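Add chain D to chain B, keeping to what the hints say.
Chains B and D are the protein sequences, given in the same order.
According to this note's numbering, the residues represented by the first sequence are 1 to 188, in order.
According to this note's numbering, the residues represented by the second sequence are 1 to 606, in order.
For the record, the hints were derived by calculation from the structure and aren't laboratory data.
A hint or two may mislead.
Okay, the calculated bits of chain D under chain B, using three or more residues with CB under 8 Å as the criterion [stated by the list, open to error]: (1) 54 to 61; (2) 199 to 213; (3) 242 to 255; (4) 285 to 291.
The structure presented is a predicted model; accordingly, all values stated were derived computationally and were not measured.
Where a beta carbon is used, it is the ideal one built from N, C-alpha and C, also for glycine.
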Amino acid sequence: MNIVSSSPQKIHPHKFTLWIAIGSIIMMFAGLTSAYIVKGEQPGWSTVVVPKIFYYSTGVILISSLTMQIALKAFKERSMQQYRSLLTLTAVLGVVFIAMQIIGFKQLFQSGVKLEGGSGAGQFLYIIFGLHALHVLGGAIALLIMFLKAFSSKIRNYNSVPVEVISTYWHFVDLLWIYLFVFFLVKS
Amino acid sequence: MSNEALHGHPEVVTTHDVHHDEHHVHHHKETFITKYVFSQDHKMIAKQFLITGMIWAVIGGLMSVLFRLQLGYPDQTFPWLEDILGRWAKGGKISAENYYALVTMHGTVLVFFVLTGGLSGTFANFLIPLQIGARDMASPFMNMLSYWFFFGGSIVMISSLFIQTGPFSGGWTAYPPLSALGDASPGSKTGMDLWITAMAMFVVSSLLGGLNYISTVLNMRTKGMSMTRMPLTMWALFFTAVLGVLSFPVLLSGFILLLFDRHGGTSFYLSDIYIAATKTALPNEGGSAILFQHLFWFLGHPEVYIILLPAMGMASEIISINARKPIFGYMAMVGSMFAITILAFLVWAHHMFVTGLNPFLGSVFVLLTLLIAVPSAIKVFNWLTTIWKANIKFTPGMMFALGFVSLFISGGLTGIFLGNSTLDIHLHDTYFVIAHFHIVMGVSAFFGMFAGIYHWFPKMYGRFMNNTMAYIHFWVTLAGAYLIFWPMHYEGLAGMPRRYLDYTGWESFKQFAELNKFISTVAIIVFAVQLLFIFNFFYSIFKGRKLTKPNPWGATTLEWTTPIRPGHGNWPGEIPEVHRWAYDYSKDGRDFIPQTEPIGPNESHH
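Okay, chain D solo, but in the shape it has when bound:
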């Protein structure tokens, strides 16, 4: 069936393409290069995304440890910092310039390279064909290109860390004029060019991936797999791809204009600027830095949901499986994800309340922003009612899925504060914002990702991850996340601004010195526990407990009907046909009924 979908009319098509592909599915001998490096198998590409994302997460996380050292212990020096960072940390203290570079790269790396590339790159690739019953993506070749653009972008971004003037240091949002003028700061020189190049490659990667995900979900589902029989992970990854495909091009146009401002002398974002460093007045007139903010946040806000939706989808799936209950309100879940997708495009200006935005326009964006609370609340309600009175199996995946729900609630509530344009006058650019978005999209998306990794690791590698290490990882990370970010709300309410190197000079923020020390200490511990997770991951690939049956969690979905170690093509024989939705748990006295089982004559209606 899938082959037919892939090649249209097999009786008409007689190109060598078809023969080639059928070889591929059944007994094509693969070399090391085609199997592990330039692989076109969606499962291998998923693993490539995952491991690259993990490397990025360690780099980005380590950056946060370094700048947390500065924030927690502003009066101390750490001579070993000079040993590893060289002139970035002369005398064991990170210089102001490099502190900004660290903050900027931390944001860029985690938002784009880990939580977008690493998260939807991994799970969209891995799960879409397996859960809808397809042999591979609509275009495996484009899928491979998607990874290699991601990899190329990663290399360019990493290389910017090693150039003489350092990486870009104007904040991950890359607002002009800092991003548009090479003379504005050392990081705005070559570092910014590399930043734009890397991001452009990243956008191309996301688009290639997203196109594939959408057309695979819409066109290549197996027989019987109607849209409303898909697991919620599929809906989530589908909406994620739609968001990406429609919003990333706008970011790209913003970058193109930025590139011309940097090198073509144009005035898209620049106007009436005098640079003190070079004592020159620039000829640029009529540009508007706010224009960049519009273009940036038109992507930037959907980006939040690009990060969050996959986590929501995976949490829904994992919670339902481990609660041994059907997901509560399947259609409400789909509807709320759809609502979030639409609203995501209509709220970008809430990042710009204090840019001189017309207050009336601001109030419209407040309304639209607060509307997002409705679908979000529906989802939270549905997760909670799914676990209500359930016989919960506390697998590591389930723990992280529940942790995700907890963090999403805590972080989401502070969004209601920030969505108000009046409150935002006080709260914008403070630690309150930092605390809000780190909990609601940073840590919670990480929890969704961890849940997904622990849950689907057996499908990826045919082995389980170690449970003891997983539980330590979970509890320390959950407690740590709250201990790090909860206190930041208080700092933010007191008006403590973000992105400052040292707060000891301010009478109003001195009181937080001990709190900052505490936050930094916890951050270091939490980072160390992530290394335990990485160890667990790689250790379990080779030494983990082996799977003895193909469906270890007792799940209904199609990926568990494949062999323990599926080859390229996923199912050795025919692709199974689907007869029911994905959530028949604890039905008619049975623990679960796989999607492939036909509806019985006496079966009750769900």
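Only chain B is shown next, with the shape it has when bound in the complex:
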């Protein structure tokens, strides 16, 4: 008899949905990076030097992953004061990351890498890093909502699922960034 377990150990549907969504986002970036590989073999391809600031933004997003993890731990231990401040810190780091990406784009743009004209790694860089930044922004907005919820006096929230969902997503955009960054370092 193979009866499906109804035990509470089963993964929560919302967490599971997130994992599938992550699969879906991976497919999107896989599509873009394979387009990069295909195009890199065409004539007229120009490479690009990745600005230094992207190394620093990598550091920022790595730290934000760490703060997110500690925030989750704090939530589970019900130390709400610590949770709220770490959540805020994570969101701020996320915004700093996006700002650094934009500065990176500006530097790249000023160094003469434009969207217009012949094909090259720069065109992909703007779009791929830009889309990644949008995904970080989505995460930051979700953090903001969590933040507002955490300060609401009416509702006392003991359900850790939303916090776990957002933290998994946050680690994912972190890992995604490392993949994309290494990809660009290797390919250009």
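Below, chain D alone, put in the same frame as chain B:
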């Protein structure tokens, strides 16, 4: 049970969320807005998808009637066309530009908005919670968003019909450079921007829906409902969602790059182009239009199965119920659907055999493409053996399910021709291709959809559809489908290319003038019969024969254990527990044994 699954640990969770939801299930007073418009009930969302899809089907079908008029009667004028289409049809004849717009929109609308949104949107939403025993989807809110993105995309797509430069006119596959250059044609201007916007919204809708379907099927099944006890509809809709979730994002990345080529001046798809209309040479270099084709068909081929799998699943279920026999080879059915899902991702380049693809690579794709014949044949074999020596009840649903099998065989066989890269040199872009995909994924998916509508209409609205109208609908549509598309194979074999406005100028295609007239006439008749179906649908919602018992077809599955008109939450009391698979028909001298009945001590093994 489902509430527990939905909220994790109910004894721990004390947010207002839970209270809110339990209200919802039992006695929440709903306003008109929350019940019919921004509903989070999967059954209502399903009906919204269905009716929006039907409106789209009428629009898309009417477009085909209009361009079939041109193809069947290229030398005649129809002054009334100018009355309804205005400058699109000056002097009663559709202009070349607008003919392409009609063809393009017909394809886009039917592939995406009817047979993807309308088909899996309707039946995944309606059937998944009901058949696996859940109160609703994993996230009813996302589910609602899924519909409203679909609706928004629909509005944007429709609005492109009314702008001055007209809708996009470069074919539903939107190949660059026609899709990437505003100066390429009138339809490539604002029409294309609206097209991309609408499609992007559609992709978001599909993803939101698909995520929900997958996590609902995997996580929210009722007690006892193991994966292998699920009806085949569930497996089919599950694989459909997996395909969509993994392939639509790739299409979206293709669209994003396209958008930058259109407005950012990038060269992803463009290279060395001189536009005659504006007498300018473009600065773009190094782009590759073939890259778009790769990204497009990486979705495009799975899309075929996104359309077809729900029809396969529903046909399996309906055939088994009305044959009063267990489905033949349940695990083989599941396995073949799994094989189709995997292969769907590995065959996209067979749409690109003549793009200069490396012939060796081509031969690999030929092999993988022809491999799909194996799971397809297994499925056909299983349907046929299910009805073998069965005491068949010819309900309208069953008629359409059998019609689906017939069309799937006829259309599938010509796929073997087209899957060969050598034959494709002759057959690509001819009417042979048109005939093939219209039969195998267009009409047959429609038949699956009709089967589903006739079969589950009683569950949706508590009434039956009218049988007489249904039988007329079935026979005319089946005969009509073959009469329309069968002759097209001959035209295609003779090399008649698709997407041409007028064939009278070619000596080799002139011979088909009468045949084209015939095809157009039948197409008009078939379209008229679809209006009869629409009438039947809406008439029966209000005036159809009422259900007197909750399980009119004598089916084993869970949806028929709900009240005739289930509320939000589906089961008024506990969700039933499942003790057996979904296909115990004609077993141990009993007509059928519901899934909820425990296995008896002396019961035989299936």
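Query - Violated hints - listed by number, lowest first - result: Hint 1 contradicted; others consistent.
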